[in-house]
Amino acid sequence: NAGVTQTPKFRVLKTGQSMTLLCAQDMNHEYMYWYRQDPGMGLRLIHYSVGEGTTAKGEVPDGYNVSRLKKQNFLLGLESAAPSQTSVYFCASSYLWDETQYFGPGTRLLVL
Amino acid sequence: QQQVKQSPQSLIVQKGGISIINCAYENTAFDYFPWYQQFPGKGPALLIAIRPDVSEKKEGRFTISFNKSAKQFSLHIMDSQPGDSATYFCAASAKYGGSQGNLIFGKGTKLSVKP
Numbered sequence: 001n002a003g004v005t006q007t008p009k010f011r012v013l014k015t016g017q018s019m020t021l022l023c024a025q026d027m028n029h030e031y032m033y034w035y036r037q038d039p040g041m042g043l044r045l046i047h048y049s050v051g052e053g054t055t056a057k058g059e060v061p062d063g064y065n066v067s068r069l070k071k072q073n074f075l076l077g078l079e080s081a082a083p084s085q086t087s088v089y090f091c092a093s094s095y096l097w098d099e100t101q102y103f104g105p106g107t108r109l110l111v112l
Numbered sequence: 001q002q003q004v005k006q007s008p009q010s011l012i013v014q015k016g017g018i019s020i021i022n023c024a025y026e027n028t029a030f031d032y033f034p035w036y037q038q039f040p041g042k043g044p045a046l047l048i049a050i051r052p053d054v055s056e057k058k059e060g061r062f063t064i065s066f067n068k069s070a071k072q073f074s075l076h077i078m079d080s081q082p083g084d085s086a087t088y089f090c091a092a093s094a095k096y097g098g099s100q101g102n103l104i105f106g107k108g109t110k111l112s113v114k115p
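The listed protein sequences derive, respectively, from chains W and D.
Each residue of the first sequence is one higher than the one before, counting from 1 in my numbering.
Each residue of the second sequence is one higher than the one before, counting from 1 in my numbering.
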């Protein structure tokens, strides 16, 4: 039981490049989330999903897109990376909205 | 309205002492209040959570105190240990009333427990 896994662990991008972050969970959770964590800012929700095939915007969705084609996977895409997207990205999942959110280990992204 | 204000930003406590972290909110629709603990290089993990039908919840050395009328809640760590050194985040969510069930996090408190 791996819980929540994220790929890759670390990535360096040049401004304008694109990439996809992959999140996978093996707990059969309905809800999945993408957060970004910046120093002194806490965790801010980018996008979330309440089930396979559904996605919704969070607090800071601009510049990101997501897809949830399979229940266990939640992908976060950056179409044209900007230095402001330099951050640590965390994926999380939960069974219900008010149940424990289980977080992955994070992806550190540096945009030059 | 959706913010959760957390204080202090950082906290230094001696081993064996009590660590206290406070959070305040405005949205009266919030009805779930978890605390997450994060060690460097790791993802956050749920520590303890409370709902507004109780004023206090204790799990081992960790206690949440909840004051509904003041719209405040706090985390108390008794007999603090060096292994408790981490960043702590309070959060809140409401199924109805704006946040759509999503967690709103405070900005975090970095706790250092000195031996």
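Hints in this document: simulated from the structure, not taken from any laboratory.
On a predicted model such as this, the values are computed, not experimentally measured, just so you know.
Warning: the hint list may mix true and false statements.
To be verified - Restricting the straight-line Cα-Cα distance to at most 20 angstroms, the calculated cross-link-like pairs of lysine to any residue (SDA-like) are:
1) W:71 to W:85
2) D:107 to W:85
3) D:5 to W:60
Q: Any hints from earlier that this structure breaks? Give me their numbers in increasing order, please.
A: Violated hint: only 1; rest satisfied.
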